[in-house]
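If you read the sequence shown in full-length UniProt numbering, its first letter stands for residue 1, the second for the next number, and so on.
Worth flagging that the hints you see were computed from the coordinates, not collected in a lab.
Note that the structure is predicted; figures quoted are calculated from it, not measured.
Honestly, I wouldn't trust all of these hints.
Only pairs whose alpha carbons sit at most 35 Å apart, straight line, appear in this in silico DSBU-like list of lysine-lysine [as the list claims (entries may be wrong)]:
(1) Lys68 <-> Lys11
(2) Lys78 <-> Lys49
(3) Lys134 <-> Lys35
(4) Lys35 <-> Lys11
(5) Lys134 <-> Lys68
(6) Lys49 <-> Lys84
(7) Lys49 <-> Lys134
(8) Lys49 <-> Lys68
(9) Lys84 <-> Lys11
(10) Lys35 <-> Lys78
(11) Lys68 <-> Lys84
(12) Lys49 <-> Lys11
(13) Lys78 <-> Lys68
(14) Lys122 <-> Lys134
(15) Lys35 <-> Lys49
(16) Lys122 <-> Lys35
(17) Lys78 <-> Lys11
(18) Lys11 <-> Lys134
(19) Lys68 <-> Lys35
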Amino acid sequence: MDVPFSIALLKTYHAQNNVFRPMIAELGLSVGQPKILGFLTRHDGCMQKDLAAMCDIEPATISRLLDKMEADGLITRKAVAGNKRATAISLTPSGYARHEASMELRRQLEEMELSGFSEEEKALFYQFLVRLYKNLTGEASVEEP
Numbered sequence: 001m002d003v004p005f006s007i008a009l010l011k012t013y014h015a016q017n018n019v020f021r022p023m024i025a026e027l028g029l030s031v032g033q034p035k036i037l038g039f040l041t042r043h044d045g046c047m048q049k050d051l052a053a054m055c056d057i058e059p060a061t062i063s064r065l066l067d068k069m070e071a072d073g074l075i076t077r078k079a080v081a082g083n084k085r086a087t088a089i090s091l092t093p094s095g096y097a098r099h100e101a102s103m104e105l106r107r108q109l110e111e112m113e114l115s116g117f118s119e120e121e122k123a124l125f126y127q128f129l130v131r132l133y134k135n136l137t138g139e140a141s142v143e144e145p
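With the hints as constraints, model all of the structure from the sequences given.
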């Protein structure tokens, strides 16, 4: 290998974000917001701290992202009865629609980045990514937040 594997992986991650960022910007989203939208489609009414943990986003960062998403009408936040500090997060109809649009863009991105790979190569590549993830985290599967 000409460059260390970790550098090749990092450069690929950044290249992917550099392609995806302008795509989702057309939807009025930033890079971290699609995974928040996706998580909320499966965990409506979750707590802000749980959302931050599941999406691997620092609490201060998630707070800023959610402020923007609330201002854009994508989410609502409700105080949890009996707990002044807890906030439950839910998607609005606009949030659901934006999630669906971002999923279509993600499908287009995957089609672009996996162009020229056979189905067998795609399956192997995915297995390698899962194994790499397990080696780094101890978790047996890669799950979408």
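Evaluation of the provided hints:
1. Between the alpha carbons of Lys68 and Lys11 the distance comes to roughly 28 Å, so the proposed pair stays at or under 35 Å and holds.
2. For the given pair, Lys78 sits about 14 Å from Lys49 by alpha-carbon distance, which is consistent with the 35 Å threshold.
3. Using a Cα cut-off of 35 Å, the hinted pair Lys134 and Lys35 holds, with the two alpha carbons roughly 20 Å apart.
4. For the suggested pair Lys35 and Lys11, the alpha carbons sit about 21 Å apart, so the restraint of at most 35 Å is met.
5. This hinted pair checks out: Lys134 and Lys68 have alpha carbons roughly 33 Å apart, not beyond 35 Å.
6. This hinted pair checks out: Lys49 and Lys84 have alpha carbons roughly 14 Å apart, not beyond 35 Å.
7. For the hint linking Lys49 to Lys134, the alpha-carbon distance of about 24 Å falls within 35 Å, and the restraint holds.
8. For the hint linking Lys49 to Lys68, the alpha-carbon distance of about 17 Å falls within 35 Å, and the restraint holds.
9. Between the alpha carbons of Lys84 and Lys11 the distance comes to roughly 43 Å, so the proposed pair goes past 35 Å and is violated.
10. Between the alpha carbons of Lys35 and Lys78 the distance comes to roughly 20 Å, so the proposed pair stays at or under 35 Å and holds.
11. With a CA separation close to 22 Å, the supplied pair Lys68 and Lys84 stays within the 35 Å bound.
12. Proposed proximity of Lys49 and Lys11 is supported: the alpha carbons are some 30 Å apart, at most 35 Å.
13. Restraint check for Lys78 and Lys68: satisfied, since their Cα atoms lie roughly 16 Å apart, inside the 35 Å limit.
14. Taken as a hint, the Lys122 and Lys134 pair is honoured in the structure, with Cα atoms around 18 Å apart against an allowance of 35 Å.
15. Using a Cα cut-off of 35 Å, the hinted pair Lys35 and Lys49 holds, with the two alpha carbons roughly 15 Å apart.
16. Of the pairs offered as hints, the one joining Lys122 and Lys35 holds, with about 22 Å between alpha carbons and a cut-off of 35 Å not exceeded.
17. For the given pair, Lys78 sits about 39 Å from Lys11 by alpha-carbon distance, which is inconsistent with the 35 Å threshold.
18. The hinted pair formed by Lys11 and Lys134 meets the criterion: a straight-line CA distance of about 21 Å does not exceed 35 Å.
19. With a CA separation close to 15 Å, the supplied pair Lys68 and Lys35 stays within the 35 Å bound.
Hint compliance for this structure: hints 9 and 17 are not met, and every other hint is.
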